[in-house]
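As given, the protein sequences belong to chains Y and S, one line each in that order.
All letters in the first sequence, in the order written, are residues 0 to 490 by numbering that gives the first Met the number 0.
All letters in the second sequence, in the order written, are residues 0 to 505 by numbering that gives the first Met the number 0.
Simulated from the structure, these hints should not be mistaken for lab results.
Remember, it's a predicted structure, so these values are computed and weren't measured experimentally.
There may be inaccurate statements among the hints.
As the list claims (entries may be wrong) - Derived contacts from chain S toward chain Y, CB cut-off under 7 Å, selection only: (1) 61; (2) 65; (3) 69; (4) 136; (5) 140; (6) 148; (7) 173; (8) 174; (9) 177; (10) 205; (11) 207; (12) 298.
For glycine and all other residues, C-beta sits at the position ideal for the given N, C-alpha and C.
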Amino acid sequence: MDYSQFLFMREELSLLAVILIIFLADLFMSKEPKEGEAAKGSKIGLVACVLLGIHTLCNLVPCCGMEREVTAFGGMYVHTAMMTIVKSILNVGTLVVFLMANGWLGREENRVKQGEFYLITLFTVLGMYFMISSGHFLMFFIGLELASVPLAALVAFDKWRYESAEAGAKFILLALFSSALLLYGVSLIYGITGTLYFTELGAMLIGLNENLLLAVLGLTLFIAGMGFKISLVPFHLWTADTYEGAPTVVTGYLSVVSKGSAAFVLMTVLMKVFADTTLASQWNIGLFWLIVASITIANIFAIQQKNLKRFMAFSAISQAGYLVLAVMGGTAQGMTALVYYLLVYMVADLGVFAILNVVEQHSGRIRMDDYDGLYETNPKLAFLMTLCLFSLAGIPPFAGMFSKFFVFMAAFNAGYQWLVLIALVNTVISLYYYLLIVKAMYINKSENPVPAFKSDGYTKVALVICVAGVVLAGIIGVGYNYIDTFAYGME
Amino acid sequence: MNFLSIFVAVPLLMLLGLWLVKDQKGIRAVMVAGSTVLLIAAAVLTVMFLKERAVNDAEMLFTASFDWIKPLHIKYSVGVDGISVAMLLLSAVIVFTGTFVSWDMNKEYFLWFTLLSAGVFGFFISIDMFTMFMFYEVALIPMYLLIGVWGTGKKEYAAMKLTLMLMGGSAFLMCGIFGIFYGAGGLTMNIVDIANQTNGAHAIPVQVQHIWFPLTFAGFGVLGALFPFHTWSPDGHASAPTAVSMLHAGVLMKLGGYGCFRIAMYLMPQGAQDLGWIFLILTGISVVYGAFSACVQTDLKYINAYSSVSHCGLVLFGILMVNQVAATGAVIQMLSHGLTTALFFALIGMIYGRTHTRDIREMSGLMRIMPFLAVCYVIAGLANLGLPGFSGFVAEMTIFVGAFEHADTFHRFLTIAGCTSIVITAVYILRLVGKVLYGTATNEHHLHLTDARWEERFAVICLIFCIAALGCAPLWVSDMIGTGVAPIVDHINTFVTNASFNPFMK
């Protein structure tokens, strides 16, 4: 066996090293509290943030021979330069989540299990890495499971809270259900072709005649399974409850990192495996209706939400619709738009969650009317929240408008003009509910507003990263230009 | 950097300055300094433009272009023609006077106000569709907070309605931009390139134009208060704080007309020729309906807001006539309406700040109590109804003369219907003046009110000066505008109307 193949997996290896170091560090740093004594916090959070930061910087952009497509282990592992970019985006997102988690993990209930949070989260990231770089359905499935099963533990992390445990149970059940659907779809595909390698599948699925129906069925089940992960309507039913029950930090992680990686993988697999013209037209039709349903229904539900975490859940579903809009047609332009959208959505959404989290940690309040008059007491937070919400709604000069513009442009170019029009009309609806929060903070008066407080240093760093992204990622066009150099589409 | 970018750079510097200063004096200093620089820059630009225009007959002058998002052919391109210079001048005047009118406002107010003006200036200097669209939206969103936080009356409702309707318009617009971009070959976003089919652009197929022209025109038309998308305008203007009403009615609504002309009609000429009649009917309704609605209102701001609908309708009416005279008149109408409405809203704000009511039934005899404001109000009213010597007369006259050049019944009928709005305007303006300003004061609370302060007088006098100047010496402005209008109108007129689309032309 050629051991140099491992060198192609340097991102995975580097992350694995980070995980092992944190594991050992946690072992030595945390002390078991003595009988009758309160648990003490450890500095493991700092270690995790620094290590992940180093890992992120080391693997930030494709270099040193990783600019081209490489295949290892007989096609099980495939890597393209674009995947490095996506993994970098996931890294940054996870880093921001780690930074904002510090205050929450410092609570007395959580002190004893600080290290576990970082470990579990990084394991899911590792799973996403393998899922992204997989060249074989088995590899893909292992990555997917590694990325979703530990998430249930994260969702139920606040086990002293009834809702958190309930959300964890809901999440694991539906995640398994969707995995089963996906596996069934894959098994049908295997039944037709007798292989699970993406490249071979792509070649063998071209020009099917007698087994076309079976292939379409497999494709449908595959999309349904992925739809659960990305939480597209009608596979979104777990989202609101899970997001509401999970700790706010984990909700942020779920709504950005986990969802974003799944959307990217959906695109690459569809492009590679189901590249046949007939099949491509099938999945384009399927995605068309999924997108219309996701955007519209999620928007209508979001308007009525009073709990901000639930609200963000529906907002995330509708944003997922926009994300998948870039998949339509499977073009190189779409891929750039998707990755760029992911980046911009991540900073804006995590910015909102960082603020929700810090307010919740300081006052325990999460409802929309709790934010009435926030501007009076915490003007800076209200201002940053406004920037992030504007970005989510797609208001220039913030990055959100650029990313939406590019996604719509890609879908328009792929020939889905009316879909773009529907999506655009929906951005107006989404603007309405984002403005409701702005209205609560700036215009509504409250007798009992969230009291003024100072955020901790970690949250500040997280907010700086997010707001810098929101303000700069759009205006400085370099990001899009750079990502575009690595994009590839279907032939 | 091209020097046109000053118009965006100065507001950005003002934002920075506002962020740094601490007290009210500092805020005022930053605002006055910044808006004066903008005004001077606009004046200098006008002189430079006229000089350059005499020797250079390129369509856009002072152009510059920087690559921005290369894979999608998006550039930051700037350039001006006669129309945009006139609009920049108007915006500079309104921002300058608006600063004085909102003398006592706080820092956040001015932050959003300045962001809004950055968007407006950026819109008028850009000749790249993406840049233009971005600045367009930058100018829209601050309105939400400006009205929602600092407004009066049903401000939350009005702010939300205004924002959503305008953003709805811009959603159609974005689709229209994609339609134009990909219809023309997807190689350039530059407006002039697409129109002249240079740099890889080809003619947009006719059926594509027929789909995207109505959407683009309606998208901009929402901001231009096109019937039936005008309903945000009365509520929004009535609830907005004074300077915001000024800026919004004075400048922002012009973005609509400007965009309709420069993007929708110029880039999709065949669409404009074939389907323009639909919008011509709608603007005809706007003109007459707005004037009639103004007659029955009792709130000063509502009266003026409906009057704006009627006068902005004339702008679109003029450009849809697609001839040199009417389109020039439409652009002069943009200037004229911008100045008069700004003056009107400034005065209404000042009166409201004193009487705390805008209901004309509760006010009378203000001429004795606040003579300066009352006299200025009369002047504004007369300018608005198109008295010769003021800008309104020049503008409306030119539009209707141009419109009358069309000899067919369809255009004649609409022109005559549009002309009636002049009479109706006279009705509501004179009724208002007679009721509110003359007569004896019946409300004793109003007897002890004071007249305008120095900064208010200064703002009002500036505006009246501009209106009178435009009315007395319109030639240099209309010549300058004419040079900008000519290439666009000529370009559209090289395409022949397909009369079968218009049931009224058969």
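Right, here's what the structure says about each hint:
A hinted interface residue such as residue 61 (chain S) counts as satisfied when its beta carbon comes closer than 7 Å to some beta carbon of chain Y; here the least separation is about 23 Å, so the hint is violated. Interface hint at residue 65 (chain S): violated, since its Cβ lies 10 Å from the closest Cβ of chain Y, which is beyond the 7 Å cut-off. Taking 7 Å as the C-beta contact cut-off toward chain Y, the hint placing residue 69 (chain S) at the interface holds, the least distance being around 5 Å. The closest approach between the C-beta of residue 136 (chain S) and any C-beta of chain Y is roughly 5 Å, which is under the 7 Å cut-off, so the hint is satisfied.
The beta carbon of residue 140 (chain S) is positioned within 7 Å of a beta carbon in chain Y (closest approach about 5 Å), and the interface hint is therefore held. This hint holds: residue 148 (chain S) has a C-beta 5 Å from the nearest C-beta of chain Y, less than the 7 Å allowed. Here the hint on residue 173 (chain S) is kept, as its CB sits about 6 Å from the closest CB of chain Y, short of 7 Å. With a least beta-carbon distance of about 5 Å to chain Y, the hint placing residue 174 (chain S) at the interface is held under the 7 Å criterion.
For residue 177 (chain S), the interface hint holds, the least distance from its beta-carbon to any beta-carbon of chain Y being 4 Å, beneath 7 Å. At about 16 Å, the closest approach between the beta carbon of residue 205 (chain S) and any beta carbon in chain Y exceeds 7 Å, and the interface hint on this residue is violated. The restraint placing residue 207 (chain S) at the interface with chain Y is violated, with a minimum CB-CB distance near 10 Å, outside the 7 Å limit. Contact between residue 298 (chain S) and chain Y, as hinted, is not supported at the beta carbon level, the nearest pair being about 22 Å apart and thus beyond 7 Å.
Of the hints listed earlier, those the structure fails to meet are numbers 1, 2, 10, 11, 12, in rising order.
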